[in-house]
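> Take a look at the letters that make up each chain.
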Amino acid sequence: MSDSLIEMTNAQLHYKVGNSISAMMGLPSTVKAVDGVSLTLKRGESVGLLGESGCGKTSMGRVLVRLEQVTGGSARFDGKEIGQMKGAELQAFRSRSQMIFQNPFDAVNPRYSIRRTLEEPLSNAGIKRGEWHDRVIAALELVGLGDPEQFLERFPHQLSGGQLQRVVMARALILEPEFVVADEPVSMLDVSVRAGVLNVFRDVRDRLGLTAIYISHDLALVRYVCERTIVMYLGRIMEDGPTEDIVHAPLHPYTQALVAAVPTPHVDQSHAPLPIGAGAPDPRNPPSGCVFRDRCPLVQDRCASDIPQPRKIGTRLVACHFAGS
Amino acid sequence: MTTLLSVKDLSIAYKVGSNDVVAVSNSGFDVPKGTIVGLVGESGCGKTTMARALTRVIADNARIAGGEIAFDGQDLAALPEAKMNALRWRDISFIPQSAMNSLDPVYRVEYQIMEVLRDRGGMTRRAARARAAELFEMVGIDKGRLRDFPHQFSGGMRQRAAIALALALNPKLVVADEPVTALDVIIQRQILDQLRTLQRELGLSVIMVTHDISVVAYTCDRTVVMYAGKVVEDCDTATLLNRPLHPYTMGLKNAFPDLKSAGSGVLTPIAGSPPDLADPPDGCRFAARCPFAAELCRSTEPAPLEVEKGHIVACHRASEAAQLRLEASKPQTWEAMA
Ligand SMILES: Nc1ncnc2c1ncn2[C@@H]1O[C@H](COP(=O)(O)OP(=O)(O)OP(=O)(O)O)[C@@H](O)[C@H]1O
Ligand SMILES: Nc1ncnc2c1ncn2[C@@H]1O[C@H](COP(=O)(O)OP(=O)(O)OP(=O)(O)O)[C@@H](O)[C@H]1O
Ligand code: SF4
Ligand code: SF4
Ligand SMILES: [Mg+2]
Ligand SMILES: [Mg+2]
Numbered sequence: 009m010s011d012s013l014i015e016m017t018n019a020q021l022h023y024k025v026g027n028s029i030s031a032m033m034g035l036p037s038t039v040k041a042v043d044g045v046s047l048t049l050k051r052g053e054s055v056g057l058l059g060e061s062g063c064g065k066t067s068m069g070r071v072l073v074r075l076e077q078v079t080g081g082s083a084r085f086d087g088k089e090i091g092q093m094k095g096a097e098l099q100a101f102r103s104r105s106q107m108i109f110q111n112p113f114d115a116v117n118p119r120y121s122i123r124r125t126l127e128e129p130l131s132n133a134g135i136k137r138g139e140w141h142d143r144v145i146a147a148l149e150l151v152g153l154g155d156p157e158q159f160l161e162r163f164p165h166q167l168s169g170g171q172l173q174r175v176v177m178a179r180a181l182i183l184e185p186e187f188v189v190a191d192e193p194v195s196m197l198d199v200s201v202r203a204g205v206l207n208v209f210r211d212v213r214d215r216l217g218l219t220a221i222y223i224s225h226d227l228a229l230v231r232y233v234c235e236r237t238i239v240m241y242l243g244r245i246m247e248d249g250p251t252e253d254i255v256h257a258p259l260h261p262y263t264q265a266l267v268a269a270v271p272t273p274h275v276d277q278s279h280a281p282l283p284i285g286a287g288a289p290d291p292r293n294p295p296s297g298c299v300f301r302d303r304c305p306l307v308q309d310r311c312a313s314d315i316p317q318p319r320k321i322g323t324r325l326v327a328c329h330f331a332g333s
Numbered sequence: 016m017t018t019l020l021s022v023k024d025l026s027i028a029y030k031v032g033s034n035d036v037v038a039v040s041n042s043g044f045d046v047p048k049g050t051i052v053g054l055v056g057e058s059g060c061g062k063t064t065m066a067r068a069l070t071r072v073i074a075d076n077a078r079i080a081g082g083e084i085a086f087d088g089q090d091l092a093a094l095p096e097a098k099m100n101a102l103r104w105r106d107i108s109f110i111p112q113s114a115m116n117s118l119d120p121v122y123r124v125e126y127q128i129m130e131v132l133r134d135r136g137g138m139t140r141r142a143a144r145a146r147a148a149e150l151f152e153m154v155g156i157d158k159g160r161l162r163d164f165p166h167q168f169s170g171g172m173r174q175r176a177a178i179a180l181a182l183a184l185n186p187k188l189v190v191a192d193e194p195v196t197a198l199d200v201i202i203q204r205q206i207l208d209q210l211r212t213l214q215r216e217l218g219l220s221v222i223m224v225t226h227d228i229s230v231v232a233y234t235c236d237r238t239v240v241m242y243a244g245k246v247v248e249d250c251d252t253a254t255l256l257n258r259p260l261h262p263y264t265m266g267l268k269n270a271f272p273d274l275k276s277a278g279s280g281v282l283t284p285i286a287g288s289p290p291d292l293a294d295p296p297d298g299c300r301f302a303a304r305c306p307f308a309a310e311l312c313r314s315t316e317p318a319p320l321e322v323e324k325g326h327i328v329a330c331h332r333a334s335e336a337a338q339l340r341l342e343a344s345k346p347q348t349w350e351a352m353a
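First to last, the sequence lines map onto chains L and R.
Numbered per my numbering, the first sequence spans residues 9 to 333.
Numbered per my numbering, the second sequence spans residues 16 to 353.
The hints are simulated quantities; they were obtained by calculation from the structure and are not laboratory data.
Only a predicted model underlies this, so the values are computations on that prediction, with no experimental measurement involved.
We put the beta carbon where it would ideally sit given N, CA and C, even for glycine.
One should not assume that every hint holds.
[Claimed, not checked] Examples of chain L residues lying across from chain R (beta carbon under 10 angstroms, computed): (1) Val205; (2) Leu266; (3) Leu282.
[What the hints assert, rightly or not] Listed next, the stretches of chain R that the computed footprint assigns to chain L, with coverage defined by at least 3 CB atoms under 8 angstroms from CB atoms of chain L: (4) 49-58; (5) 155-161; (6) 184-197; (7) 201-213; (8) 287-301.
Could you build all of it, start to finish, from the sequences and the hints given here?
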């Protein structure tokens, strides 16, 4: 058994968009949601995936649980190309890897009661019916839904956002998977509950030896859960390294901007202007060279012509021609 | 300052089987004109229920069981649906918590925004198209993507489109349920700044449901804290964060990760869970989790009182708050409750 569970090599996910009219007008017809991503995740490792809205975080997660397939390059799970799994292997993969979806209201069937929502994966995995009830209750308690019986016969719209988000998390963990993509899993929880759920997430991870990708735009949360962080921008990895290093001394100009923009829970915070403006470029038509160049405060001529390849700087990989110099 | 919206003694109940889940119970607060008011509290405490009641987009099994929602001289709790509908978008708009899927999947985003502008705002097609582009710029989406379908947007982009829609006709009040939760810090900042600009320039008022204390700190003039269906504290944001009077508010602060402060960053949750709203306890609803609960707390419900000017709190021990804040700042105080 190799010690890496996930390996992506130059992976791409390009969505086809547009129609014959836009094609005739010569408009680009693909969104490069993931564009040349390489990374390796060791078994038991939790990695935070950070980056602006629309940069491709969810797309990358979807590839890793095979809700999409790479359109170029490779994405492997336990040594096997994810897109090529079939039959029993694919079925096993479906219970070994799980995704906690970004929007809980999208993630559940509105006509299924909470009980049925949670029993379904058990049934699919061939677990004996006699065990269902206890496992459902245990999973709900695990994610901090006290008094779970009161929720079982309700339907998703009869729960608050945060309650439903925890149901979605319980569903992903109920089969004790090896690999989880958690897409903004606590975004709807208020802090007092969130701290509890994050502690649970850390416990479960340590107990099951879970490998996890934790997608969030909240660096403070990523820091709480993950020792390693990957920063994406427009479908590419900008920086990859230990979270503490990234928080305290970000190397890539984009990471520097992100860290500077993190708000604090104090009223007297300085309202300093942001280091960069909002709004990433259209991923249908990304800039040549470095994709960050039209917002980069340190841009130079070379950035328009050469794509910066990830370089090792100390503990980190950084995709910038000038970082660290 | 004149009051734009005043919620008084509001109760909202959901029918679940033969039970009534009273998700908002005899609660109220005011929104002075031109202010941004935060609404915070634990998951399931009734924030969305409150927000939806204010815009009267409530669930089928919900009913307003009592109270009043005074807005611009009318009681929204009693207004006939046709009149309420006339106020929506133009006077009050709503950004739902699941705004990400509030767009219609079969129409292009641009069409949906233009519909609101033309139908509700009486704009011409040309004016509506220009306004749609302007709105996209406000929320940081390239206007080249106006003609996308919702499924072609990322989660955060759909969220921003819903925000654009709510701001389309310059309403007096926007009720926003977790509007920036799904957004990264840079976009978040742009949108919060945009709301503040509209507040300053057009006198926009906002009720912002959020669980993010840094969003509250950055944006909200006043903040209302709910617990288990009740408003437990209501005051200006600086005072709330620096000198909270309610033990629940004190506990919230320990649970919040602060990237820019030193320390191990271990988060201290408030142990336990909120009471079943179909059968709430006598006395203070927070008593089972409150490290400071006394005999009286378990038998008698504390009434909300204005204990300092503009600072309302519902706690029997509010007069000892200075001492309790000291205790509450220690993690052991909360760990002992676990
Ligand atoms: N349609 C419904 N039928 C029955 N109960 C409901 C319904 N909608 C909400 N509830 C219950 O009412 C309570 C308040 O829910 P609400 O959605 O207002 O909470 P919230 O404060 O917005 O929480 P969150 O932060 O998780 O979104 C919860 O206990 C929830 O389970
Ligand atoms: N089915 C699709 N068809 C076309 N484009 C898509 C599709 N799904 C996503 N995209 C585009 O791919 C890009 C990346 O989207 P993705 O959902 O991965 O972003 P994200 O990083 O998860 O953002 P957020 O933080 O807002 O959720 C975006 O530009 C989005 O519009
Ligand atoms: S390569 Fe150039 S444009 Fe890109 S981040 Fe580095 S300095 Fe900025
Ligand atoms: S009334 Fe008593 S139990 Fe309730 S918050 Fe105050 S001290 Fe705690
Ligand atoms: Mg996403
Ligand atoms: Mg809610």
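> So, against the hints stated earlier in the document, which numbers end up violated here?
No hint contradicted; all consistent.
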